[in-house]
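Anchor point for the sequence shown: position 24 equals 24 in the UniProt record's numbering, and the numbering is continuous, going up by one each time.
No lab work stands behind these hints, which were simulated from the structure alone. Worth double-checking, as some hints may not be accurate.
Unchecked claim - If you anchor each label on the Cβ, the simulated ranges turn out as follows:
| id | residue 1 | residue 2 | range |
| --- | --- | --- | --- |
| 1 | Cys678 | Arg375 | 38 to 44 Å |
| 2 | Ser484 | Lys393 | 34 to 40 Å |
| 3 | Lys393 | Glu322 | 54 to 60 Å |
| 4 | Gln79 | Leu15 | 26 to 32 Å |
| 5 | Asn342 | Tyr396 | 57 to 63 Å |
| 6 | Ala110 | Val326 | 32 to 38 Å |
| 7 | Gln600 | Lys393 | 34 to 40 Å |
| 8 | Leu15 | Val326 | 30 to 36 Å |
| 9 | Arg375 | Glu322 | 35 to 41 Å |
| 10 | Ala110 | Val201 | 43 to 49 Å |
| 11 | Leu289 | Met359 | 53 to 59 Å |
| 12 | Gln79 | Arg178 | 35 to 41 Å |
| 13 | Tyr280 | His155 | 26 to 32 Å |
If you're wondering where the values come from, they're calculated on a predicted model, not measured in any experiment. Beta carbons are placed, not taken as given, at the ideal position from N, Cα and C, and that holds for glycine.
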Amino acid sequence: MGKALTLQGVEGPELLLHILVAQGMLCVMVGFLLVLVAELDGLYYMRFMPYQVGAGFVSGIGILIFDGGLELGCGQGLQSLVPDFFHAVLNAEVSSAGEALVVQLVLTLASAVVFLLLREVLHSFSWGNAVRLPLGLALISGGVYSFLWLHPLSHQEVEFWGIFLSGLVPDSWTLEWRVLAHLHHVKLGAIFSQPCVSLTVSYAALSTLAFTFFTSGMRDMDKDSAKADLTKEIRFLGKTNVLVGLLAGVPVSPSLKVFVVMKDAGARTRTWVCLLGSFYMLLYFDAVLRSSLSVIPKCAFGGLVVSLGFEFLTTSLVESRERIAVAEWRLVVITCVLVYFNVLMGILFGVAMTTVFFMVEYSAMTGVTQRATMREVRSLVERDDPQTDLLDKHGYEVAVFWCSGYIFFGTANDIVDEVQAWLDSSPTTRIVILDFEQVPAVDASGVQSLITFASACEKRRPAVHLALTGLVRRLHLSVERAASAENVKMSLSTHRLEATLEWAEERVLKGRVKTGKVTNEADLSEPKVTSAKLPSRPSEHKLLAAKLAQKMSSGSELQEMLEEFLADIAPSAEREERAAVCQQLSKFGSKLQTFEKSGQIYAEGATAKYITYVVSGSVNIYQSISADEALAYKLPRHHLNGQKGDAFAFEEEIDVRVRCLTRGALLGATEFGAYCSCGRPQWHASAHAACPTLVLQVPFSALEAALESNKAVGHAVMLWLFKLASLQVLDVLQGARVKPYRRIDQEGVFKRVTSTCASSPAIFSRR
Numbered sequence: 001m002g003k004a005l006t007l008q009g010v011e012g013p014e015l016l017l018h019i020l021v022a023q024g025m026l027c028v029m030v031g032f033l034l035v036l037v038a039e040l041d042g043l044y045y046m047r048f049m050p051y052q053v054g055a056g057f058v059s060g061i062g063i064l065i066f067d068g069g070l071e072l073g074c075g076q077g078l079q080s081l082v083p084d085f086f087h088a089v090l091n092a093e094v095s096s097a098g099e100a101l102v103v104q105l106v107l108t109l110a111s112a113v114v115f116l117l118l119r120e121v122l123h124s125f126s127w128g129n130a131v132r133l134p135l136g137l138a139l140i141s142g143g144v145y146s147f148l149w150l151h152p153l154s155h156q157e158v159e160f161w162g163i164f165l166s167g168l169v170p171d172s173w174t175l176e177w178r179v180l181a182h183l184h185h186v187k188l189g190a191i192f193s194q195p196c197v198s199l200t201v202s203y204a205a206l207s208t209l210a211f212t213f214f215t216s217g218m219r220d221m222d223k224d225s226a227k228a229d230l231t232k233e234i235r236f237l238g239k240t241n242v243l244v245g246l247l248a249g250v251p252v253s254p255s256l257k258v259f260v261v262m263k264d265a266g267a268r269t270r271t272w273v274c275l276l277g278s279f280y281m282l283l284y285f286d287a288v289l290r291s292s293l294s295v296i297p298k299c300a301f302g303g304l305v306v307s308l309g310f311e312f313l314t315t316s317l318v319e320s321r322e323r324i325a326v327a328e329w330r331l332v333v334i335t336c337v338l339v340y341f342n343v344l345m346g347i348l349f350g351v352a353m354t355t356v357f358f359m360v361e362y363s364a365m366t367g368v369t370q371r372a373t374m375r376e377v378r379s380l381v382e383r384d385d386p387q388t389d390l391l392d393k394h395g396y397e398v399a400v401f402w403c404s405g406y407i408f409f410g411t412a413n414d415i416v417d418e419v420q421a422w423l424d425s426s427p428t429t430r431i432v433i434l435d436f437e438q439v440p441a442v443d444a445s446g447v448q449s450l451i452t453f454a455s456a457c458e459k460r461r462p463a464v465h466l467a468l469t470g471l472v473r474r475l476h477l478s479v480e481r482a483a484s485a486e487n488v489k490m491s492l493s494t495h496r497l498e499a500t501l502e503w504a505e506e507r508v509l510k511g512r513v514k515t516g517k518v519t520n521e522a523d524l525s526e527p528k529v530t531s532a533k534l535p536s537r538p539s540e541h542k543l544l545a546a547k548l549a550q551k552m553s554s555g556s557e558l559q560e561m562l563e564e565f566l567a568d569i570a571p572s573a574e575r576e577e578r579a580a581v582c583q584q585l586s587k588f589g590s591k592l593q594t595f596e597k598s599g600q601i602y603a604e605g606a607t608a609k610y611i612t613y614v615v616s617g618s619v620n621i622y623q624s625i626s627a628d629e630a631l632a633y634k635l636p637r638h639h640l641n642g643q644k645g646d647a648f649a650f651e652e653e654i655d656v657r658v659r660c661l662t663r664g665a666l667l668g669a670t671e672f673g674a675y676c677s678c679g680r681p682q683w684h685a686s687a688h689a690a691c692p693t694l695v696l697q698v699p700f701s702a703l704e705a706a707l708e709s710n711k712a713v714g715h716a717v718m719l720w721l722f723k724l725a726s727l728q729v730l731d732v733l734q735g736a737r738v739k740p741y742r743r744i745d746q747e748g749v750f751k752r753v754t755s756t757c758a759s760s761p762a763i764f765s766r767r
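Construct the complete structure from the given sequences, taking the supplied hints into account.
What follows is the structure, given as structure tokens:
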């Protein structure tokens with residue numbers, strides 16, 4: 001700063017005045033920045049600092065304390081002592097000044113050994129730390145004065161050997177204030193020149209960063225201060241610097257040396273802080289008292305600080321070596337050395353390493369979390385046995401990859417490499433589906449990697465089609481625009497995976513079956529549903545669907561439908577008995593009803609009253625996501641912009657399709673069983689017609705009365721319904737999310753069902 005001011009024409013006695021003003025401005029700026037850090041909760045981001053960086057920073061502070069003790073004891077730190085030592089060894093000669101330096105170094109190290117021995121002797125006593133400091137100073141001072149009494153030295157010899165503190169000139173405390181009295185001579189143009197402003201801003205920013213690290217480092221140095229409010233400490237430190245800056249002082253921060261000395265001396269209350277502050281004030285205002293400190297040998301002060309630095313350094317390095325691997329411990333040593341040579345450089349190195357560690361660790365948590373083929377996963381569409389067999393046979397043509405987390409360039413390349421390895425090992429793959437439902441965003445480089453991979457898939461022979469599903473709005477737009485610009489064909493969807501699985505199934509079935517709707521590629525742009533399940537397998541209602549598809553047409557009468565229906569689900573009953581039951585059902589509310597596309601057959605939560613049999617068409621079953629289920633999909637949102645309409649697929653689709661049922665499916669079997677037990681069951685899901693659909697609806701009350709009147713038919717029907725309900729419950733349990741707790745109300749439901757069945761087993765047993 002002095003050089004910059006000199007270049008601006010400030011010389012002579014005015015230079016000191018301008019330096020005082022400049023350092024005051026720097027101190028005020030540091031104070032405001034520290035207050036800003038506290039208000040913005042800047043320490044929150046310190047939590048993300050890896051242990052290796054924190055341990056290295058703390059160890060570096062230990063070396064600085066050790067080095068400060070050497071400078072106090074012999075006037076030189078390690079950076080000067082080591083080169084001088086090697087120079088003396090190479091030249092094989094030691095000057096008289098070198099001999100004095102060696103004596104001071106030996107006395108300082110010997111004093112440090114005294115303090116270390118006192119620690120080992122007194123650590124078992126509660127008052128040990130309190131007496132260690134005065135006892136150590138007394139022993140060392142007594143030893144030095146005893147030596148001087150036995151071997152008297154002249155005043156010049158004492159100054160030459162540097163046994164006592166020197167340079168404590170009794171100057172008056174009013175000296176600087178007399179300089180500031182000429183404040184009207186300050187040249188503001190020089191103070192606010194570009195070089196001076198650049199220096200001030202740079203040092204203010206770096207000092208703020210360093211002071212923040214120093215303050216947070218106190219918690220690592222003293223585990224007992226874990227309850228301290230560091231944000232409050234930084235705010236107070238900022239206000240202190242503002243006050244000091246107004247008095248033309250230099251920026252101040254917590255003194256780690258003083259902190260360690262006070263802690264080691266047993267300081268636990270604010271009384272010690274007040275006593276220390278009062279003593280500093282006496283030294284500042286009383287020049288005679290300040291100069292009287294020279295009666296204590298400086299090796300005692302230096303030895304005390306060296307011992308504290310040595311203890312702190314060895315403790316932190318040994319502890320870190322036991323906690324982490326050798327490779328990570330080397331990083332601790334590197335950070336420690338950098339902090340010693342340059343604190344700010346060490347801090348910046350720590351910040352850089354924090355970023356690198358975060359990227360490496362986060363990239364390991366993102367990317368592909370699971371993969372499968374269509375042999376293991378299917379859509380929720382119920383298909384007949386020939387279609388199911390074809391999907392089982394050709395399911396290897398479709399590969400599904402589930403991705404998670406924020407995708408950037410590195411993780412995007414990992415995804416591409418994994419899928420590419422899959423394609424190389426499975427050349428029969430024709431469709432690759434990447435599920436991005438758990439991906440909040442992808443950066444520009446990641447998008448470009450996906451587009452490049454899609455282009456490479458198109459060029460394969462035979463070509464591989466890439467489909468992305470579960471995209472958030474902005475990601476969908478960016479991928480769509482990038483694909484259009486590169487003229488790359490790929491399927492994109494903002495909806496759940498299940499719709500894409502259905503589309504892929506239709507692609508596999510196309511040309512291999514004579515029946516069944518085939519979805520066009522363009523249909524994937526607006527899919528309706530998502531989810532995943534285990535492969536469909538033959539069940540009672542599928543077998544019934546195949547039989548009824550051959551036996552009845554959409555124009556059959558109600559009576560004929562009921563007779564055929566009962567003949568298939570109650571084959572052991574006599575024809576006359578089934579006919580009598582059909583008569584009862586046709587008279588008491590059974591009906592055929594047609595629903596247009598998207599027409600609601602029943603609503604979730606409504607009272608269940610009918611067993612519904614799908615005669616023709618198909619029915620979608622929907623369930624709404626509850627609030628507690630939504631917590632299972634909780635993802636970070638700081639990178640999303642809600643005002644722009646970004647939302648995850650599971651947030652946009654509150655009503656989720658859980659099944660698509662076709663001809664011959666029976667709805668309400670479990671609800672009918674509950675009706676026979678408790679009387680007022682509710683629909684666990686909603687049903688909507690996927691296309692114009694004809695259904696047969698039989699009231700629960702009419703069916704229960706008819707089955708009770710004819711025990712043979714009732715037993716056969718209830719046996720079939722029991723099998724069907726068991727398969728449905730098993731299917732639900734296979735797709736259920738495992739939770740580390742048990743709901744209390746579920747136990748109550750099982751108890752109620754068990755007790756009800758035990759008390760009224762009429763329709764479940766044959767008399």
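Okay, the hints, checked on the actual structure:
1. At roughly 41 Å, the beta-carbon separation of cysteine 678 and arginine 375 lies within the given 38 to 44 Å, and the hint holds.
2. Look at serine 484 against lysine 393: about 36 Å separates their beta carbons, and that is inside 34 to 40 Å.
3. The given range of 54 to 60 Å is respected by lysine 393 and glutamate 322, whose C-beta atoms sit roughly 57 Å from each other.
4. Take glutamine 79 and leucine 15: their Cβ atoms lie about 29 Å apart, and the range 26 to 32 Å holds.
5. In this structure the hint that asparagine 342 and tyrosine 396 lie 57 to 63 Å apart at CB holds, the actual value being about 60 Å.
6. Under the hint 32 to 38 Å, the C-beta atoms of alanine 110 and valine 326, about 34 Å apart, fit the expected range.
7. Between glutamine 600 and lysine 393 the CB atoms are about 37 Å apart, so this pair conforms to the stated range of 34 to 40 Å.
8. With their beta carbons about 53 Å apart, leucine 15 and valine 326 fall outside the hinted range of 30 to 36 Å.
9. Between arginine 375 and glutamate 322 the Cβ separation comes to about 49 Å, which falls outside the hinted range of 35 to 41 Å.
10. As the Cβ distance of alanine 110 to valine 201 is approximately 46 Å, the hint placing it in 43 to 49 Å holds.
11. Range check, leucine 289 to methionine 359: about 56 Å between beta-carbon atoms, so the 53 to 59 Å window is met.
12. Distance hint for glutamine 79 and arginine 178: a CB-CB separation of about 36 Å, consistent with the stated range 35 to 41 Å.
13. Remark: the range hint 26 to 32 Å for tyrosine 280 to histidine 155 is upheld by a beta-carbon distance near 29 Å.
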